[in-house]
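A.B. asks: Next come the chains, spelled out residue by residue.
There are 2 protein chains.
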Amino acid sequence: MKLLKDIGEFGLIKRIAEAEKIFDKEVIVGIGDDTAVLKYKKDCYLLLTTDILVENIHFDKKATPFQIGWKALAVNLSDIAAMGGIPKYGLVSLGLKKETSINFVDELYQGIRSLAKKFKVKILGGDTVSSPRTVINIALTGEVEKKYLTLRNGAKIGNKIYVTGILGGSISGKHLSFIPRVKEARYLVKNFHPTAMIDISDGLLADLKRVCERSKLGARIYQKKIPLSKEVSLEDALTAGEDFELLFSLSRKYAHLAKSSKVHITQIGEITKKGIVLLDEKGKNVPLSKEGFNHFR
Amino acid sequence: MKLLKDIGEFGLIKRIAEAEKIFDKEVIVGIGDDTAVLKYKKDCYLLLTTDILVENIHFDKKATPFQIGWKALAVNLSDIAAMGGIPKYGLVSLGLKKETSINFVDELYQGIRSLAKKFKVKILGGDTVSSPRTVINIALTGEVEKKYLTLRNGAKIGNKIYVTGILGGSISGKHLSFIPRVKEARYLVKNFHPTAMIDISDGLLADLKRVCERSKLGARIYQKKIPLSKEVSLEDALTAGEDFELLFSLSRKYAHLAKSSKVHITQIGEITKKGIVLLDEKGKNVPLSKEGFNHFR
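As you go down the protein sequences, you meet chains A and B in turn.
Take the first sequence: its position 25, counting from 1, is numbered 210 in our numbering, and each next residue is one higher.
Take the second sequence: its position 222, counting from 1, is numbered 407 in our numbering, and each next residue is one higher.
Mixed in with the good hints, there may be bad ones.
Identical copies carry no separate label here, and so any pair may be met within one copy or between two of them.
Derived DSBU-like pairs (lysine-lysine); straight-line CA-CA distance at most 35 Å [as the list claims (entries may be wrong)]: (1) 401 <-> 341; (2) 305 <-> 187; (3) 302 <-> 187; (4) 394 <-> 332; (5) 415 <-> 226; (6) 305 <-> 190; (7) 467 <-> 331; (8) 332 <-> 226; (9) 303 <-> 227; (10) 199 <-> 226; (11) 283 <-> 401; (12) 282 <-> 226; (13) 305 <-> 246; (14) 359 <-> 341; (15) 458 <-> 303; (16) 415 <-> 305; (17) 368 <-> 394; (18) 409 <-> 375; (19) 409 <-> 438; (20) 303 <-> 187; (21) 467 <-> 246; (22) 359 <-> 206; (23) 345 <-> 303.
Calculated directly from the structure, the hints in this document are not laboratory data.
Since this is a predicted model, take the numbers as computed values, not measurements.
Please put together the full structure from these sequences, using the hints given.
C.D. replies: Written as structure tokens, this is what we have:
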């Protein structure tokens with residue numbers, strides 16, 4: 186009998202996506218990007234995304250309820266950011282133990298609300314149930330002007346590859362308090378029109394692979410160019426999940442302009458015809474094995 | 186220290202709702218109805234809802250994966266129905282044990298898809314993570330013509346109160362395979378313009394109380410008129426959750442027309458000025474204590 190741990194998270198997602206053939210004139214993007222994209226207003230699309238966090242998997246006993254609430258919204262905001270969009274409305278599903286203190290719930294909501302306020306997101310309800318483990322799901326809508334919508338599949342050969350911020354920080358706890366790159370994404374789509382974009386949720390290599398697969402191209406990245414957190418190894422930065430920085434590609438024209446970016450971005454490589462290649466300081470191929478954080482393994 | 190089980194699910198929802206003051210011209214209804222309601226197209230509103238199911242709470246080991254998937258979508262469809270709306274797009278969040286067989290996941294998705302197909306709902310993605318207990322959250326959008334939107338707060342004194350179908354069936358397992366009343370709701374809003382509507386998810390009394398609270402009125406219901414499942418006591422029908430029938434009120438004009446309804450509905454009482462009163466066969470007050478299924482207690 187085949188188990189989930191045999192095919193892994195990515196195998197499962199592929200399996201689900203392949204079974205879902207969407208034929209609907211209202212659906213611009215179904216499964217396969219950071220959010221779903223639907224027809225909406227004359228000039229903009231509706232974005233829909235959802236993320237679930239489970240106790241002992243996405244947060245442990247050391248996480249404060251404030252951090253849990255913050256993170257549950259932040260991971261969704263990061264998905265909206267990766268489309269170039271503006272987050273709008275959230276629905277919160279909470280599974281809580283009967284012995285949970287009211288104080289815990291209040292603090293968790295404070296975590297959600299303080300981040301929501303920062304990005305003008307409104308929480309419009311949800312569902313609250315009893316659960317033997319704490320679990321929180323947030324579903325979030327957003328909108329994006331048609332001209333700013335940025336998918337994973339638009340990278341072109343010769344495009345330069347960039348990341349925002351610094352990688353590897355999630356290991357030292359950043360994943361519980363990160364600021365999703367919504368403002369940075371808006372700056373990027375308005376000024377540099379990225380050809381493809383994704384948020385780094387499963388590690389640089391895994392998410393770069395997604396962009397390459399969707400764009401049907403490859404990538405070459407340079408070890409020495411990758412912006413690393415202190416105390417973090419290159420391998421951690423490449424494969425650790427939950428950095429929630431943006432990974433994107435720019436055409437040559439905008440790559441030139443991007444040198445004066447007001448947002449902290451670093452060029453780390455370029456889009457190629459096929460295969461993902463990492464070059465070390467001497468220009469030699471680094472063998473790649475791990476693919477980033479994979480649930481079920 | 187105050188615990189969740191001290192204030193219960195309804196206390197918690199009230200606490201959350203009171204903290205969320207929504208001032209947003211795009212939001213027609215925030216917290217406090219079966220779904221959130223947003224501005225959308227010229228003639229219709231966008232509906233948003235979400236529901237989470239947790240192993241051993243909403244389904245047990247006897248439930249097949251097909252039933253779990255079916256129920257996860259059905260409870261959301263029921264919320265869209267209660268607004269008079271048409272369900273559209275779903276996002277599925279799944280928390281699964283590592284030892285889950287691929288077969289389990291495939292069957293669970295078959296449960297979701299067969300119900301989705303029945304109501305022309307498209308699944309546009311979601312999130313899949315590892316979890317020590319099976320948990321599934323579905324977020325669903327819908328749309329409703331402005332003229333058909335039916336809220337909980339519109340009941341008027343003298344309105345007749347109705348339910349669809351037969352109550353109490355959830356106890357014998359119906360809650361795992363019920364057909365959400367989407368078609369019935371559409372028939373009702375088109376033909377009888379209900380003044381208020383809700384789906385019975387926490388028991389007739391608890392959900393009637395919600396309509397009365399939101400409409401700032403009361404209700405009188407007649408024991409002998411309540412349509413009961415065989416093998417189910419009156420108390421079960423009044424207080425058992427997960428019937429997922431519709432409870433609604435009609436003005437006198439439409440109550441007259443409703444006698445020839447093509448959908449199975451039963452008049453069970455009327456809206457009054459205040460208080461919820463249940464009358465037995467002899468017209469005597471039945472003392473009411475329980476309020477229906479309440480998580481955390």
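A.B. asks: Each hint: holds or not?
C.D. replies: Going down the list of hints, with the structure as the test:
1. 401 <-> 341: within (9 Å within a copy, 60 Å between copies)
2. 305 <-> 187: For residue 305 and residue 187, the Cα distance is within 35 Å only across copies (31 Å; inside one copy 45 Å).
3. 302 <-> 187: between (45 Å within a copy, 27 Å between copies)
4. 394 <-> 332: Within one copy only: 25 Å inside, 48 Å across.
5. 415 <-> 226: neither (45 Å within a copy, 50 Å between copies)
6. 305 <-> 190: Result: close only across copies, 32 Å inter versus 39 Å intra.
7. 467 <-> 331: neither (43 Å within a copy, 65 Å between copies)
8. 332 <-> 226: Intra 13 Å, inter 20 Å, cutoff 35 Å: intra and inter.
9. 303 <-> 227: both (27 Å within a copy, 30 Å between copies)
10. 199 <-> 226: For residue 199 and residue 226, the Cα distance is within 35 Å both inside one copy (31 Å) and across copies (33 Å).
11. 283 <-> 401: Answer is between; shortest inter-copy Cα gap is 31 Å, intra-copy 49 Å.
12. 282 <-> 226: neither (41 Å within a copy, 40 Å between copies)
13. 305 <-> 246: Classified as within: same-chain Cα gap 29 Å, cross-chain 42 Å, threshold 35 Å.
14. 359 <-> 341: within (32 Å within a copy, 53 Å between copies)
15. 458 <-> 303: neither (40 Å within a copy, 43 Å between copies)
16. 415 <-> 305: So residue 415 and residue 305 pass the 35 Å test inside one copy only (32 Å; across, 51 Å).
17. 368 <-> 394: Classified as within; 25 Å inside a copy, 44 Å across copies.
18. 409 <-> 375: within (29 Å within a copy, 66 Å between copies)
19. 409 <-> 438: within (24 Å within a copy, 77 Å between copies)
20. 303 <-> 187: between (45 Å within a copy, 30 Å between copies)
21. 467 <-> 246: Answer is neither; intra-copy 44 Å and inter-copy 57 Å both fail.
22. 359 <-> 206: Between copies only: 30 Å across, 37 Å inside.
23. 345 <-> 303: within (31 Å within a copy, 46 Å between copies)
Checked against the numbered hints above, the structure violates hints 5, 7, 12, 15, 21; every other hint is satisfied.
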